[in-house]
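Asker: Chain by chain, the residues:
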Amino acid sequence: MDYPGLIKLLAPECVVVLTALAVLFADVKFWRGLPNGRRFGRGVTLSTVGLMAAALFAEFGENSADVLMGTLVLTPVSQFLKLVLLLLTLATVWLCGDTDFTDHVGEFLALLLLAATGMMLLISTENLLMIFVSLELVSLSLYVITAFNKRSSRSAEAALKYFLFGGMAAGFTLFGFSLLYGLCGSIHLPDIALALNTKGSDPLARAAVVMVLAGFGFKIAAVPFHFWAPDAYEGAPAPAAAFIASGSKVASFFILTTLLQSGMPGAAGSGAWKAFVPGWMPIVAILATASMVFGNLAALAQSGLRRLLACSAIAHAGYALLAVLADPPDAKPALLYYVTTYAMTLVGMFGLVSVVERGHGDDSIGRLAGLSQRSPLLAACLSVFSLSLAGVPPLSGFFGKFYVFVALVKSGPSYSSHFWLALVAIAMSCVSLYYYLQVLKQVWVGEPLGDTRPAKVSAALTFVVAGLALGVVLLGCAPELLLAHFR
Amino acid sequence: MTPGLNHYLVVSGLLFSLGLLGVLGRRNLLIIYMGLELMLNAGNLALVSFSRFNGNLNGQVMVFFTITVAAAEVAVGLALIVALYRKRQTAHVEDLTTLKF
Numbered sequence: 001m002d003y004p005g006l007i008k009l010l011a012p013e014c015v016v017v018l019t020a021l022a023v024l025f026a027d028v029k030f031w032r033g034l035p036n037g038r039r040f041g042r043g044v045t046l047s048t049v050g051l052m053a054a055a056l057f058a059e060f061g062e063n064s065a066d067v068l069m070g071t072l073v074l075t076p077v078s079q080f081l082k083l084v085l086l087l088l089t090l091a092t093v094w095l096c097g098d099t100d101f102t103d104h105v106g107e108f109l110a111l112l113l114l115a116a117t118g119m120m121l122l123i124s125t126e127n128l129l130m131i132f133v134s135l136e137l138v139s140l141s142l143y144v145i146t147a148f149n150k151r152s153s154r155s156a157e158a159a160l161k162y163f164l165f166g167g168m169a170a171g172f173t174l175f176g177f178s179l180l181y182g183l184c185g186s187i188h189l190p191d192i193a194l195a196l197n198t199k200g201s202d203p204l205a206r207a208a209v210v211m212v213l214a215g216f217g218f219k220i221a222a223v224p225f226h227f228w229a230p231d232a233y234e235g236a237p238a239p240a241a242a243f244i245a246s247g248s249k250v251a252s253f254f255i256l257t258t259l260l261q262s263g264m265p266g267a268a269g270s271g272a273w274k275a276f277v278p279g280w281m282p283i284v285a286i287l288a289t290a291s292m293v294f295g296n297l298a299a300l301a302q303s304g305l306r307r308l309l310a311c312s313a314i315a316h317a318g319y320a321l322l323a324v325l326a327d328p329p330d331a332k333p334a335l336l337y338y339v340t341t342y343a344m345t346l347v348g349m350f351g352l353v354s355v356v357e358r359g360h361g362d363d364s365i366g367r368l369a370g371l372s373q374r375s376p377l378l379a380a381c382l383s384v385f386s387l388s389l390a391g392v393p394p395l396s397g398f399f400g401k402f403y404v405f406v407a408l409v410k411s412g413p414s415y416s417s418h419f420w421l422a423l424v425a426i427a428m429s430c431v432s433l434y435y436y437l438q439v440l441k442q443v444w445v446g447e448p449l450g451d452t453r454p455a456k457v458s459a460a461l462t463f464v465v466a467g468l469a470l471g472v473v474l475l476g477c478a479p480e481l482l483l484a485h486f487r
Numbered sequence: 001m002t003p004g005l006n007h008y009l010v011v012s013g014l015l016f017s018l019g020l021l022g023v024l025g026r027r028n029l030l031i032i033y034m035g036l037e038l039m040l041n042a043g044n045l046a047l048v049s050f051s052r053f054n055g056n057l058n059g060q061v062m063v064f065f066t067i068t069v070a071a072a073e074v075a076v077g078l079a080l081i082v083a084l085y086r087k088r089q090t091a092h093v094e095d096l097t098t099l100k101f
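These protein sequence lines map, in sequence, to chains A and B.
Counting in the numbering used here, the first sequence runs from 1 upward without gaps.
Counting in the numbering used here, the second sequence runs from 1 upward without gaps.
One thing to keep in mind: the hints can contain errors.
[As the list claims (entries may be wrong)] Calculated pairs, SDA-like style, for lysine to any residue (alpha carbon to alpha carbon, straight line, at most 25 Å):
| hint | chain 1 | residue 1 | chain 2 | residue 2 |
| --- | --- | --- | --- | --- |
| 1 | A | Lys199 | B | Asn58 |
| 2 | A | Lys150 | B | Asp95 |
| 3 | A | Lys150 | B | Val74 |
| 4 | A | Lys150 | A | Asp362 |
| 5 | A | Lys150 | B | Ala79 |
| 6 | B | Lys87 | A | His104 |
| 7 | A | Lys150 | B | Leu78 |
| 8 | A | Lys150 | B | Thr90 |
| 9 | A | Lys441 | A | Ala466 |
| 10 | A | Lys199 | B | Leu78 |
| 11 | A | Lys150 | B | Gly55 |
| 12 | A | Lys441 | A | Val409 |
| 13 | B | Lys87 | A | Pro394 |
| 14 | A | Lys150 | B | Ala91 |
| 15 | B | Lys87 | A | His360 |
| 16 | B | Lys87 | A | Lys199 |
| 17 | A | Lys150 | B | Thr97 |
| 18 | A | Lys150 | B | Tyr85 |
Quick caveat, the hints were computed from the structure, so don't treat them as lab data.
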């Protein structure tokens with residue numbers, strides 16, 4: 001493989017990196033003297049052009065390749081997911097349009113784009129080295145953009161907590177990878193899978209599985225590795241929190257499933273009721289159950305919108321983990337549909353959080369009172385997002401859960417083997433309806449506090465939020481539009 | 001006696017546990033960082049020794065990359081401490097209490 005060939009395969013990533021550098025350069029060189037709002041406006045325009053170009057390359061470029069021992073693996077699914085990630089990044093970038101939390105506009109946008117590059121690399125590889133390096137590219141960029149709100153001391157604290165937990169996760173992941181490499185003699189996932197077929201019950205393999213799951217558990221915020229999530233969601237600037245909750249989740253879940261299902265089927269074990277066999281399946285089953293129960297119960301006690309979203313994110317990580325337990329042909333479509341629609345919802349939610357915060361200075365749920373009178377469109381969008389998160393048909397959150405549960409119940413030796421997990425999940429979904437309805441009660445029934453004028457919202461933000469809400473409804477009514485690409 | 005693979009693995013396991021203890025047990029952020037680095041270096045040691053005993057170079061190549069990543073991580077971490085110190089004049093974890101469950 002020669003360099004022009006490689007660049008052709010990596011065209012979307014290259015374009016995004018070049019855009020990041022261009023934004024950085026243009027901001028330092030030409031936009032320094034302008035007011036922050038206009039700098040953000042120009043930066044967002046430039047990033048939009050770059051992201052659109054990258055999306056075109058992802059859509060129409062090469063879509064199948066396997067280069068250098070799985071270092072770069074392109075499949076139609078990974079290329080489509082790149083498109084999804086680029087669009088999520090675009091939505092996140094547009095959320096920055098009318099914020100002024102920082103004087104370092106170019107740096108913020110560049111880091112956002114570099115994180116997006118890391119996510120795109122992360123989903124197109126089957127090589128432990130590339131997985132580790134791109135995971136760190138994503139994480140390091142996200143730590144920094146979490147700390148970007150220098151006016152608030154909570155931002156730095158949130159970033160530091162996120163960093164400490166993330167650094168520990170990186171240590172676990174690396175040690176797990178080194179054990180896998182030692183046991184199997186390769187860092188290429190298909191070779192590891194072959195070697196593990198005979199050595200799956202080796203103690204070293206068990207240790208590697210535990211370490212890797214601990215590392216990824218932090219990334220996806222599954223209980224008991226969730227401590228950073230509520231703090232990071234609360235302290236980070238709204239676009240940064242939206243990106244942590246959306247793009248990073250999608251990419252991490254994709255690579256976790258690849259790693260477990262195509263790299264370690266030999267060490268799977270079983271999570272079936274009363275028939276546990278040691279391996280990654282029982283561990284994932286326990287992480288999922290703990291996340292669903294803890295996330296939903298903790299969300300009941302939250303009074304801030306961001307913390308509520310963080311707790312619901314923990315719960316949703318639990319639901320999504322259920323898809324990892326399903327049989328391989330069903331698992332990925334169900335999981336990817338679930339996390340994609342979830343990510344869209346969360347970007348929209350954080351857009352609304354930023355509106356509420358700009359109006360009132362804090363994000364407590366009581367501040368939503370009377371939103372329906374101040375801005376009917378945003379109130380409708382908020383309702384769509386909340387009901388989708390709760391899993392009410394015909395929104396996409398319902399079908400996401402439905403496909404995950406069906407894939408889960410169909411898997412395993414018999415229909416009853418994973419049924420207990422589906423039961424827990426359905427019971428906890430009912431609990432979650434309560435706190436989402438609490439939010440909606442404030443929006444539609446609550447009387448506005450003080451300010452009754454229409455909420456001031458920029459056109460870009462309204463466009464993004466309304467577009468995402470429309471997407472959530474549309475993909476719920478016609479799930480095949482998305483599912484067909486993930487099969 | 002020549003040291004074998006097991007000796008290296010025991011050392012790297014010990015380093016990893018020491019690092020983890022440092023991260024979980026110490027109060028000073030800088031010492032916690034040193035613990036994080038120790039955890040990554042334990043992984044590096046395991047990779048290099050596996051690479052030697054597996055007879056291929058994949059592990060050693062991976063170490064080059066992780067050393068670079070660790071350096072970047074320190075840079076980001078120290079920048080975050082400076083950002084926190086400017087706001088709060090502290091580098092201790094007990095003082096990270098503005099955000100609570």
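Asker: Next pair to validate is Lys150(A) with Asp362(A); report whether the Cα-Cα distance is within 25 Å.
Answerer: holds (17 Å)
Asker: Take the C-alpha atoms of Lys150(A) and Val74(B), compute the straight-line distance between them, and say whether it is at most 25 Å.
Answerer: Roughly 20 Å between the alpha carbons, so the hint for Lys150(A) and Val74(B) holds.
Asker: Hinted pair, alpha-carbon criterion (25 Å max): Lys87(B), Lys199(A). Please report holds or violated.
Answerer: violated (52 Å)
Asker: Between the alpha carbons of Lys150(A) and Ala91(B), is the straight-line distance 25 Å or under?
Answerer: holds (17 Å)
Asker: Taking only the CA atoms, is the gap from Lys150(A) to Asp95(B) under or equal to 25 Å?
Answerer: The hint holds at about 18 Å.
Asker: Assess, step by step, whether the Cα of Lys441(A) is no farther than 25 Å from the Cα of Val409(A), and give holds or violated.
Answerer: violated (34 Å)
Asker: Compare the distance between the alpha carbons of Lys150(A) and Thr90(B) with 25 Å, and conclude whether the hinted pair is satisfied.
Answerer: holds (16 Å)
Asker: Given the proposed pairing of Lys87(B) with His104(A), does the C-alpha separation stay at or below 25 Å?
Answerer: holds (18 Å)
Asker: Are Lys150(A) and Thr97(B) close enough, with their CA atoms no more than 25 Å apart?
Answerer: holds (17 Å)
Asker: Is the Cα-Cα distance between Lys150(A) and Gly55(B) 25 Å or less?
Answerer: violated (50 Å)
Asker: Take the C-alpha atoms of Lys150(A) and Leu78(B), compute the straight-line distance between them, and say whether it is at most 25 Å.
Answerer: holds (16 Å)
Asker: Just to be careful, I want the Cα atoms of Lys199(A) and Asn58(B) compared with a cutoff of 25 Å; is the pair within it?
Answerer: Roughly 20 Å between the alpha carbons, so the hint for Lys199(A) and Asn58(B) holds.
Figure legend: structure checked against the earlier numbered hints; hints not met, in rising order: 10, 11, 12, 13, 16.
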